[in-house]
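J.: Letter by letter, the chains look like this.
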Amino acid sequence: MSILIYAESWNGKFKKSSFEAVSYGVDLASKMNTEAVALVVNADDATELQNYGVSKIISVSNQSLKEFASNSYADLLKNIADKEGTHTLVMLSTSNVNSFAPALSIAWNASLATGVIAEPSALNPFTVNRKVFSNKAHADVVLSKENKVLVIAQNSYGVKENVVSASVEEYSASVVEANVKSEKVEVSTGKINLMDAEKVVSAGRGLKAPENWTMIEELAEVLNAATACSKPVSDIGWRSHNEHVGQTGKNIAPDLYFAIGISGAIQHVAGINSSKIIVAINTDDEAPIFKAADYGIVGDAFDVVPKLIAKIKELKE
Amino acid sequence: MKILVCIGHVPDTTSKIKFTNNDTEFDATGIQYVINPHDEFTLAKAMQLKEKQSAKLVVVNVGLVSTEPTLRKALAIGADSAIRVNLDPKDSLTVASEIAKVALDGGFDLIMAGKESIDYNGGMVPGLLASINNMPFVNAVVGLDIDGAKATVIREIDGGKETLSANLPLVIAGQKGLVTEEELRIPNMRGIMMARKKPLSVVEPSATETMLEFTKFEKPEAKAECKMVSADNVEELVDLLHNEAKAL
Chain A
2 MSILIYAESW NGKFKKSSFE AVSYGVDLAS KMNTEAVALV VNADDATELQ NYGVSKIISV
62 SNQSLKEFAS NSYADLLKNI ADKEGTHTLV MLSTSNVNSF APALSIAWNA SLATGVIAEP
122 SALNPFTVNR KVFSNKAHAD VVLSKENKVL VIAQNSYGVK ENVVSASVEE YSASVVEANV
182 KSEKVEVSTG KINLMDAEKV VSAGRGLKAP ENWTMIEELA EVLNAATACS KPVSDIGWRS
242 HNEHVGQTGK NIAPDLYFAI GISGAIQHVA GINSSKIIVA INTDDEAPIF KAADYGIVGD
302 AFDVVPKLIA KIKELKE
Chain C
31 MKILVCIGHV PDTTSKIKFT NNDTEFDATG IQYVINPHDE FTLAKAMQLK EKQSAKLVVV
91 NVGLVSTEPT LRKALAIGAD SAIRVNLDPK DSLTVASEIA KVALDGGFDL IMAGKESIDY
151 NGGMVPGLLA SINNMPFVNA VVGLDIDGAK ATVIREIDGG KETLSANLPL VIAGQKGLVT
211 EEELRIPNMR GIMMARKKPL SVVEPSATET MLEFTKFEKP EAKAECKMVS ADNVEELVDL
271 LHNEAKAL
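Protein chains in written order, with the working numbering: chain A, 2 to 318; chain C, 31 to 278.
Chain C with its partners taken away, still in its complex shape:
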């Protein structure tokens, strides 16, 4: 089995978000980049499948050379090789088209991605690439089992869970629950050393079509200062919530 795991290269959660070039671009100055948190769950699950079923695990990112440290981190965690599509993508459709091509060219059986990236929060790439390749797709996946060419998938639905079956090749968008927090992988020293020698190939982009154009970014208006109420006067809080906030 061949597994392709999409790795998002995103600003660390604690980053201060700023914009530049007249608020039309994200300002990457001084930003620490990490593997997209949702992708850590899919990568850990892919590692379990690799270990159990001796699958081949390839990670992919669409980005410029600056994303390579993030791909190397995925290699240090245990992926066999990495592919970087050499493009600074402008929207989700571009990313999905590039990964769809990598998935087809490489003959992958299972394509896994996090359910959304924590930067642009589109939540679209996995579903788009599945449709481009005409493959079945399950979103918000919290359980996955592969038996031969068949997959059993559990997805989160509004107020519960649904178990589904599907044939490979399959695209899933994973999230927390796919593995537990304790099962997440942290690269160790040996992994980091080995990652330096693992193949990271760069392919040139081929997609041309976009569907969205980001024209302006803004920070939401700062919240008014928190109104503090004394712990001895809980009645006042109830009164404020009822009469001022109209929330009770």
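Isolated chain A, as found in the complex:
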């Protein structure tokens, strides 16, 4: 009756989200008086997970799992869950997890809850809280089937360090053939990935022209943050569509979000309202972004941002 945690890796490396999944699963196992078991696929160093409290790790190395297909990952997780005799599987929301979680729920005959933001509020019936209406509301949902898959929202639970020593069991999995074929993968390197970023600096039409993003990029650099933009800015082509955060763009949940020259239309707020701290800088003191923000400055970005860069540099020294 253990808890199985899928700790995803990218080219063999874990990310903060992998540790967040482990932290959630370990706490859930302790609440349910059972053991937490982590599953890793093609990870360079599975033992890294023992820093987050998991004492048993199943490690799968398989060339055919280097390319992702929902059906093969769903089949793998179902087989390992059955082998372990577990009924509860914990994963964290990423591109690949969101892709194969539904297939897993069908293959394993499991209840699937996505966007989960807290530990279960009750175990019988098994009830979790999740985001609905673009985080304008939360809902309690009961997972009615015996098998359960929980997909935790990014940066909603946090990472908890807890050093233990773990046993690693190599498992040689037979993998069902992928029903899609990967032809080409393009991943931008060097830049901080917006979905993983702990801090995000975002700007809107208030910046007036694309060349004015130099100061936004500089602020992002001193903060070690990713850059983002509002929808109008990506629609005009000042910034790439990959940077658009909002309802139809990326939905992000960083620890710190700067909205600079962004009025804060409801569609924008829907994509950023899971951020822990929101800072707004806008010339219009009635801009709706101030309703969503924790800290605000009414002022001109061209005046405020350079000062902000200087003060943050001072702080870091």
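Calculated from the structure, these hints are not laboratory results. Each hint should be verified, as a subset may be incorrect.
[As the list claims (entries may be wrong)] Listed next, the in silico SDA-like pairs over lysine to any residue satisfying Cα-Cα at most 25 Å (straight line):
hint	chain 1	residue 1	chain 2	residue 2
1	A	14	A	155
2	C	253	C	243
3	C	276	A	163
4	C	120	A	119
5	A	182	C	172
6	A	161	C	277
7	C	276	A	155
8	C	48	C	64
9	A	292	C	190
10	A	146	A	130
11	A	314	C	263
12	C	257	A	268
13	A	251	C	191
With chain A held as given, fit chain C onto it using these hints.
T.: Below, chain C alone, put in the same frame as chain A:
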């Protein structure tokens, strides 16, 4: 080629969200409903495929009669016909099971849905229905090309893109990027007139299985008032972010 596009009937983004019946149900009073924003991108892409490859385009929704205006809007945009499965669905599995049956019965080659609905945000229906029908599935799709019985699909991945190939029948979950914002379709007067005469068939539900039960809704606690700092005192903001918010 036969394309099935799933149309979500959701509260307009600007709606004030309220609950009723002791916070166990969404309160639809006074709510304006629209096509789910992500579905607008898949519908526009399906229209391009229809025009280029003379595909037949059917739209589907699982809902009561109140969702028909939303389906009519999709017909006005250019779909050939619509199917409504007559059920007020309780969870994603119910919706997916019903659409999976419509997809099989109609012999569709391509089933397209938005990556998630902006009401319940589950993001599950497209993947569930693909698995129920044992069809390949690609999520978060930003590019799609069909050549005969083969599809080339581009999906968004963490930090980049991946190009895949798959055979039809195929299920994709689309999002912005599948077409550009300018390529979205707005119904014109002629489309609206024609939509009135296009077939909208109602089929009775057959699925019985559910996996989730929504028991209670709540609004998150209201945020504390935004702390305002003077533009002449940026240092104070840095200090607050460092010492109070512990975010720097």
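J.: To test your reading of the hints: which numbers does this structure violate?
T.: Violated: hints 2 and 9.
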